[in-house]
Every structure is written in structure tokens, then in C-alpha cells.
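Position one of the sequence shown corresponds to residue 1 (full-length UniProt numbering), numbered consecutively onward.
Simulated from the structure, these hints should not be mistaken for lab results.
Note that the Cβ used here is the ideal one computed from N, Cα and C, for glycine as well.
Check each hint, because a few of them may be wrong.
As the list claims (entries may be wrong) - Listed next, with one range per pair, are the computed distances between beta-carbon atoms:
no.: 1; residue 1: K47; residue 2: Q224; range: 29 to 39 Å
no.: 2; residue 1: N189; residue 2: S286; range: 53 to 63 Å
no.: 3; residue 1: G829; residue 2: D166; range: 14 to 24 Å
no.: 4; residue 1: K218; residue 2: E256; range: 16 to 26 Å
no.: 5; residue 1: I120; residue 2: L278; range: 18 to 28 Å
no.: 6; residue 1: K393; residue 2: A850; range: 49 to 59 Å
no.: 7; residue 1: I120; residue 2: T188; range: 29 to 39 Å
no.: 8; residue 1: N189; residue 2: N403; range: 50 to 60 Å
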Amino acid sequence: MTANKLLFIFLGLCNLIGGQSEISNLKLKIEDFYIEKQYDSVVNISKNYSWKSLKFINENDSLVASEVFHNIANSYYEKANYTTAIAFYNKSIIFSPKNPEGLNQKGRALYDRAFAEYEIQNYTQSYKTVKQAEVVLSALSNPDYDYLLSVYADLAGEATTLGFYDEAEFYLDKGFNLYQNNKGNFKTNVANASKLVLFHHKYIRLFAYSGNQVKLLKHINKLQTLKNKRVFNATENLMLAVAYNYVGDFYLEKKEPNTTVYNAYLNQGIAYLNKGLLYLDKKAYSGNYTQILFNKAKYYMYSKAYKKALLVNNEIQQIVSENDARMPFFKAQEAFIYLRAKNKAKAINAYKNVVNFIHASKTKLRADYSNFKPSTVVSHSDLLAELADTFVKAYPNDHRVLNEMAYCYHLSLKQLIASYEGEWFSKSLKEYYDKAIAGVLKLKSQGYGNISNAELLQIIETTENRLVWKRYIQNQAFTKYGLEQHVFNEDIHLRKQLVGAIKNNDSLNVAELKFKIEKHNTQLKNKYPNIYKYAYDAFDINNFKNEIPDKTLVLKYKIVDTTLCAFEITKQSVKVTYKVFDSVANKKVVSYLKTLKNRGENKPLAENLWQLLKPTNSNAYTSLIVLPDGVLNNFPFETLVDEGEYLVNNKVVSYASHLVFLEQASKSTTLKKVVVCAPNYSKGNTLNGAKYEKEMLSNMFPNAFIDIKKLTKNELFDKAKQASILHLAMHVKINEVNSELSYFMFDEANTVNNLHLEELYAYKLQANLAFLGACNTGVSLNNGVNGAASIQRAFFMAGVPSVISSFWNVPDDATKKIVSNFYSNLKKGQTKAEALQKAKISYLKGVEDADLSKPYYWAGFVLSGSTNAMLVEDKQNYCMVALVLLGFVFIIGLLKRFK
């Protein structure tokens, strides 16, 4: 029967059926066609039906319409028309009512839409859509359990792929518990795998990727036990075969210097691969078959049986089509085999094929890769970097190879940036980036590659700092739009709970709370889209350069292995210098810091380090803004010695973790309110300078001063809404193991009132400057995959562009003098950086005891972030100006009157 005849019969039936709305009749017929897999008939209805004529009588009609559009979308999906499928899934989502049935339908449509997005290789959006489906379905008291379980399984799969292993385990645990507690609510299908088999399969993949051998073997043994107890259906046998493949690959990739042990691992690996082949229907599941063959080729390669490895790899390429998304990996393995076999020409040819397969454009790839279009597959970044690493290691003195691999590392960076837009980096994603950036910098220092200094700097800045940058820009936008803090109370509440869970080492609760925080942020994102778009405003190095004041040099360091790369950024240019920074140099920095903190002095070493760290033509600049890296993160540059004098005497030195904090450096702001928090501790904990600082600020800014009487963190943030300057003269307890548990102490007796870093991330502050008077508030606590954590960094993430913090506990007398002079200089209109520099110089001029002039006494306080000036809002002057103007107007009026 033709599709047109079916359509004619259908329309006739619509007229005969009584008592039902038009949309209900439409649903029945489309469902019949869909169940019978007559997808063309459904597609024809979608094309010929007059959708505008549909009239919805009630909420139920809207639900029915959503279901109709869902079936149409599924039909287009089955016909591989994924773009049109997405359009109809969107219609289904729009028409779903907001009652429980409608929300279940919305969740189903979202989840199915994710598959269509995946098919068009929009992987990032697909992952986001699955997360949206979870938000909708998990909020229901009676969700579609089968869909919700599938959502958790898919989220775990994608998190595993991206290297977020804790998150993946959390999703699997959540799904498994959902199944265990609601077994009676799940549908059974004899053709599908049982839920137990599904989850063991997912756990096995996770632990194979994460390298957790104990848990991996636990789940493969459980899966084998299930297989021994009953006959598996075809889908379950497939999952078992794939699970064996994961375990086999795990053993092949185990690194072991002992040859005997390594060979034993290889033998275990091939044994599991052969088990997988035993249970696999090779014809029905050719894609899975080629995946096991891929690992068999890897086994032969690692066993140095290169001919066999090539034969198996060639067999794979005969089976799959050229459009197979895995072709870059198959070609890369060919390159790796030829590299191990020392066949350079064929290895390079295979490498070029890899790049061609990744190139996501129909336009032919140019020889210089200038028109390379990255794919949406994030692991292609690692593939390119790994290829480049292997080539460079194999041919370290081959100019052609090194020049080619300089391009390859650059392509790897482009690929990572294009395919992953998340704000957090997993350990594996960070490794992708580190490989690529290290390769680019190493080869660039040797003269290879064509990436410009400005482009390279822009890549480093926007990739490494995206988490802090995103939070900072969003929070600036939140304060700009004037959103009240109550909007974020849920975030604050969740982070307080998270602190407790971290303290109790409750890993499951930690994962649950992080999940809730992410879900809450997703809801805010949907509610305030105009604010969240600020997070993705592109950083432009050329615009940044234009903001740099004259005679100011921005100096960004990047340490790669034993090379110190220094980006010298001025209004005119971006230059890069390369110097050796080996273990000897590292020890010198550590030794010098230790000397300073022990109240010592070593000017010869300080001069030696300046020769290593100083920029070219350093005398041309009066101001240095330093962005340190690695061991330099806690290093006071103003204590270095140039021609016998400390740098502080001739240069204004400030710091920044990210260039984005410096974009407003040349623009002044108005100082309206100074909020001071100085708790009254018991005698053993008293901060001697706190009382002085409070009185000094009260006298210096009488019209702007706000003292926090009720010393609680809630009161602090209530008053902080008004602050231009937030001055905290209070104790900070540093937790070097878990930085999020570091805290500001308000009251020794009430630990509930402690303000932890984790909580601080939830606040949105309007202050232009935070002065942190406690010791070690500027010290980087760790340097994890998402950047070096510190107390001052938390304030940046809360939206504060300038922070003064300390590298150590500055003595009280020196603190009083430096703090007082800093605020006095700031009041005169000096920039923050100049005000702090002159305060230190003033201190040095005022001390007669040589011991008290050592850096320990004056160099502890440092400015990070924006250096701009703060103009004091003087109400008395405003009144005087107003009176003069009124008087002037009055006199003019009198003169006119007597003319």
C-alpha cells in the first residue's frame, strides 16, 4: 500500500471517528504507523498535514500534541534525518504541559533529542540535553523510570569519556539505587539486557578507564557469575563481549618497567580480548568486532609483532567505511606501528591521514593546515598530541619531523578548544592540554611552527583560566544587574552542607551535593540567560594590549619541564623569551623564599634570580604586573635585586593570576564605602593590629566607614553589599590538604560561624578591593587541574577585581605602618599598586634598625588583580560645590534684575 493511500485512509478515518479531538485521532494513526515501522507514512503526514489548523481544547490536547510530535521526531530519526528530528523533538518539548504527565513527556523528548544531536556529532550539546532530561525527570515523584535510568547510564558514560570518574561513579550509583528501590516500576523486554547486566557493563567501562583494578575485577566477576547462572540473550552477550574488551585493553595499557610483569599483563590482555571474541556475534555487531580487533593490533604492536599488527589494522580498515567516526584512531594506530617499526615515511603518511579524517570540512585540507576545521570529538585532541609526542621522541633531530609536529601540537590545542567548552577540567582533559601546550612551547623555542605569540597567549589564557574567569565575569554581571543575594541562597546552603560532607569524608554525599549545586546553577542559567552569556565573552589579546598603561610591562610566566617561557606583553607587542629553568633554578627559588620567611636576607641570590627572571629591556618599564607559574606562585618579585637595590625602590610590582583581572586596570573607580570586619578574639588569638586598623580607617574615611558590629558571616555579606573596600582583619586557618576547608574565623567558640572557601564561592561581591589582613592569604595552596587555589582566588571568583593578601605573617608594627600609608596614598588618588609600593618605601625610609629593613618586614603584602585608582567620594566637597553654584546663579539673577 502506498504512503498516499495510507494518508487518504487516515484522513477519512479522522472524519468518521466521533467523540475525540482532532489531535487525539491524529495520535492514534501516527502511533499505528510508528509501531508498524512505517516511518515514511509518518513523515508524509508531517509534511502534508496543516498543523496551523490544530485547535487545542484543553491541557490534555497539548500533551497529545507533544506525543504526536515525539513520534514524528522518532520517525525522522529512524530515517537518519536528524536535523528535522531535532526540530520535531523541540516541538514536542514546547507543547508538553507543566503537569506531571507533561513533564515526563518533556523528559522523554529531551533524552531522545540528545541521540539526534549525537548523530550529527554535536556531542557537547547532546550531553547538555541529557542533563536537562535528568533535571526534569528526577524532580518528579513518579518519573518514567526506564527513561531516568537510561539518563543516568548515559551521563555516566559521557562523564567516563571526559575523565570525570567520580561524577561517572556517582551517576551509576544513583541509577543502580533507583533500580534497586523501584524494580516493580520498570518495563521488561526480553530482547534488551537486564538492568543488572547493563550496570555491570557500565561500571566495567568506568573502572577500566579510571584504572581502578580492584573494582574492575569485582564487576567483571559479577558479570561472569550472572552469565554462569542463566542464558544471556543477544544484547547481554554483546555487553559481556564489550566488557571483556574493556578489561583486555586495561591490561594492555598497564605501564610496568619490569619486562616479565609487563609481558604477563599483555598475556592477560589478549586472553580477555579472545574471551570477548568468543561471545560476540561478529556479523551482527561488526562495529564492536572491529573495536576488539583494534586492541588485538595494539597487543601485537606492544609485543613487537609489527607485521601482525599491521595485518589486523588493515583488516579493520577493510571492514569499516571511510565515514566511520573511528577512522582517525585506526589511522593513528597505523602511524604508531610504523613509528615503532622505524618506518618514518609511512608513519608520516599515516599521520597526515589522521589529520585529514579529523578535519571536519568538505574543503580539502591545505598542506600548511591553515584551513583545518576541528571535529567535535574531544579525544581527537589527545590523539594528535600523543602522535606528536611519539614522533618527537622517535626523531628528536629531524627538522622536517619537528616542523610537522609543531603544527600537530597546534592542531591539538585547536581541537581541544573547539570540542570542549566545560568550565572544569578532568585530570585526563588537563593532560591533553598539557601535552599540547608543552609541545608547542618546546618546539617554538627551537624555532619550529608558525603560531604567533599573541595567539598562543590567548589560547593559554582562555583555556587554563576558564573556571575562574567564568565565575568572575558572571558575578560581575550579577552585581551589574542588581540581583539580590537571596537568589543565590540555595547555592550558599548547599555549599555549607558540602563543607560538612568534605569534613566527614563522606564521598557519596560530596558527589550528591556537587550534583545539586550544578543542577541549581543550571536553573539559574535558564532563568538569567543574559547574565550567563557573559561567561563566554571572548578574551581578545589586542583589546587587552590597548588597555595597558605606558611604561607598564605585563609579564606572564609558563614553566614547561626545564624551560621558563616568559610572555612580555606591552601596548605595542607580545614577545616570548625562553630560559633554562632546571632543578637547580627551582632549588634557588625555594631556598630564597625560605630565607625570606626566616627573616633572612640574601642579596647576591636575589640578584642572581633577577638575572634569570627579568624581562628584556627591563629598565624601560616603571611598572611590572607579574602572572607567575609553578614555584613562582608565592614569590615576592619586589624583593629581587637590580644593581644593588631591591626592585621595590624602582618599580611598581603587582600580580595577577589571569589577564582578565587586568582589563580595567587603567580605569578609576569611586570609593564610596569601607566595610571593616575585625573580630574581638580571646587573648591567645588577638590580632594586635586589628583594633588599630579599624580606628585608622574610621578616622581616614569618616563618611564612608562601616564597622560590622554583629560579627557573623551573614552580617559580613549583608554589609559587604555596600562595600567599595572590604577590609578583613581576622584570622584565617589554612587547610593545605583540602583548600576548600580553609576558613575565616569569626568566633573561636562557634565553629559553625566559620566562613569556608567553599561557601565564599557562592557569594557575589560588589567590592572593588578586598584587603585580607591575615597571614598566608595570598599563598597558593595547591596547583590542581583547575588552577592554583588560594584565599585571594576565592575573592576573585566572587567578583572582586583587586585583592591585597599576604605571603606570610607580617609583624604588627610593620603592618600598621604599611596599611596606614597604603590607605593614605590610595586616598590621594594613587593607583592601588603605587599606593602599596610607596607605603613599603615609606616604611623602609622610616626604620633605622637594619634587621627591620629585611624583606620579611615589608614584602609580605602583595596586590593581585586590577591596579586602578579609587577616587574618594567626598560629600563635603559636593556640598561646597553645590553652594558655590547656587551662589553663582543667585548673583547672576541679581545682576539681571538690576539691569
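TODO: Report the numbers of all earlier hints that the structure fails to satisfy, in ascending order.
DONE: 1, 2, 3 and 5
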